[in-house]
Amino acid sequence: MHKKHNIAERLAQRLKEARKSKGLSLEAMAKLSGVSRSMLSQIERGQSSPTVATLWSLTQALRVDFAGLLDDQTASRSIREILRANRTPTIDSQGEGCRIRILSPPAQAGRLEVYEISFTADAALLPHQSGCHEDLTVLEGSLEVVSGDETEQVFEGDTIRYAADCPHQIRAIGLSAKAILIVHGS
1 MHKKHNIAER LAQRLKEARK SKGLSLEAMA KLSGVSRSML SQIERGQSSP
51 TVATLWSLTQ ALRVDFAGLL DDQTASRSIR EILRANRTPT IDSQGEGCRI
101 RILSPPAQAG RLEVYEISFT ADAALLPHQS GCHEDLTVLE GSLEVVSGDE
151 TEQVFEGDTI RYAADCPHQI RAIGLSAKAI LIVHGS
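Using our numbering, the first residue of the sequence shown is number 1, and each one after it goes up by one.
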């Protein structure tokens, strides 16, 4: 019985937190979910346990994970992962003068990829797959970015956004440069 009580309390608390984090009043939540305001209030105070159908309606309206509302690990762990510097996947492209640290999780490949790129003198990254665009922020030095027929120089602190579904290239100007590259898939 004690465990059942804890689950009901956790569910009530998480539903209320999710509603408030979306900036919704009980009235607005009732309109979005189709669950009456009085029932919502009773659920959030732990005075009523929702049916599976009611819970489904609430999670859909809040756009939250159904199972995550009850999972002990989800609530207690805000930090999902730490990728230590010495364990970050790295590609050394000696022939092109680049060192690429892969910062995004493998599951994001093709959708949203994040890289830290270190360039040596006159090093260049060549074009890759079409159907995406890139955001590049220069951390150190300066770079030349070519996208299609356009060429721009960017300097430390600058961010450039450009089409990557056409021939494009990033080249270091000077002795070295470092940048963060975000590739948005199509």
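Hint data in this document are derived by calculation from the structure and do not stem from the laboratory. Do not take every clue at face value.
[To be verified] Calculated cross-link-like contacts (lysine to any residue; reagent style SDA-like; alpha-carbon spacing at most 25 Å):
id: 1; residue 1: K178; residue 2: G141
id: 2; residue 1: K22; residue 2: P50
id: 3; residue 1: K22; residue 2: R37
id: 4; residue 1: K22; residue 2: G34
id: 5; residue 1: K22; residue 2: A12
id: 6; residue 1: K178; residue 2: E96
id: 7; residue 1: K31; residue 2: E44
id: 8; residue 1: K31; residue 2: E81
id: 9; residue 1: K22; residue 2: E44
id: 10; residue 1: K20; residue 2: L83
id: 11; residue 1: K20; residue 2: E44
id: 12; residue 1: K178; residue 2: D122
id: 13; residue 1: K31; residue 2: Q13
id: 14; residue 1: K31; residue 2: N6
id: 15; residue 1: K178; residue 2: L103
id: 16; residue 1: K22; residue 2: G46
id: 17; residue 1: K178; residue 2: A61
id: 18; residue 1: K31; residue 2: A85
id: 19; residue 1: K20; residue 2: T54
id: 20; residue 1: K31; residue 2: D122
id: 21; residue 1: K16; residue 2: S48
id: 22; residue 1: K31; residue 2: V52
id: 23; residue 1: K31; residue 2: Q42
id: 24; residue 1: K20; residue 2: R10
id: 25; residue 1: K178; residue 2: E144
id: 26; residue 1: K178; residue 2: E113
id: 27; residue 1: K20; residue 2: R45
[To be verified] Across the chosen pairs, the derived CB separations fall in these ranges:
id: 28; residue 1: P105; residue 2: A8; range: 33 to 39 Å
id: 29; residue 1: D158; residue 2: A121; range: 16 to 22 Å
id: 30; residue 1: S38; residue 2: V114; range: 32 to 38 Å
C-beta: ideal position from N, C-alpha, C; glycine also.
Each hint tested on the structure:
no.: 1; hint: K178 x G141; result: holds (7 Å)
no.: 2; hint: K22 x P50; result: holds (20 Å)
no.: 3; hint: K22 x R37; result: holds (16 Å)
no.: 4; hint: K22 x G34; result: holds (17 Å)
no.: 5; hint: K22 x A12; result: holds (16 Å)
no.: 6; hint: K178 x E96; result: holds (14 Å)
no.: 7; hint: K31 x E44; result: holds (16 Å)
no.: 8; hint: K31 x E81; result: violated (36 Å)
no.: 9; hint: K22 x E44; result: holds (15 Å)
no.: 10; hint: K20 x L83; result: violated (31 Å)
no.: 11; hint: K20 x E44; result: holds (11 Å)
no.: 12; hint: K178 x D122; result: holds (12 Å)
no.: 13; hint: K31 x Q13; result: holds (20 Å)
no.: 14; hint: K31 x N6; result: violated (28 Å)
no.: 15; hint: K178 x L103; result: holds (14 Å)
no.: 16; hint: K22 x G46; result: holds (20 Å)
no.: 17; hint: K178 x A61; result: violated (43 Å)
no.: 18; hint: K31 x A85; result: violated (47 Å)
no.: 19; hint: K20 x T54; result: holds (18 Å)
no.: 20; hint: K31 x D122; result: violated (59 Å)
no.: 21; hint: K16 x S48; result: holds (13 Å)
no.: 22; hint: K31 x V52; result: holds (19 Å)
no.: 23; hint: K31 x Q42; result: holds (16 Å)
no.: 24; hint: K20 x R10; result: holds (15 Å)
no.: 25; hint: K178 x E144; result: holds (12 Å)
no.: 26; hint: K178 x E113; result: holds (17 Å)
no.: 27; hint: K20 x R45; result: holds (14 Å)
no.: 28; hint: P105 x A8: 33 to 39 Å; result: holds (34 Å)
no.: 29; hint: D158 x A121: 16 to 22 Å; result: holds (20 Å)
no.: 30; hint: S38 x V114: 32 to 38 Å; result: violated (46 Å)
Going down the numbered hints, you'll see the structure goes against 8, 10, 14, 17, 18, 20 and 30, while the others check out.
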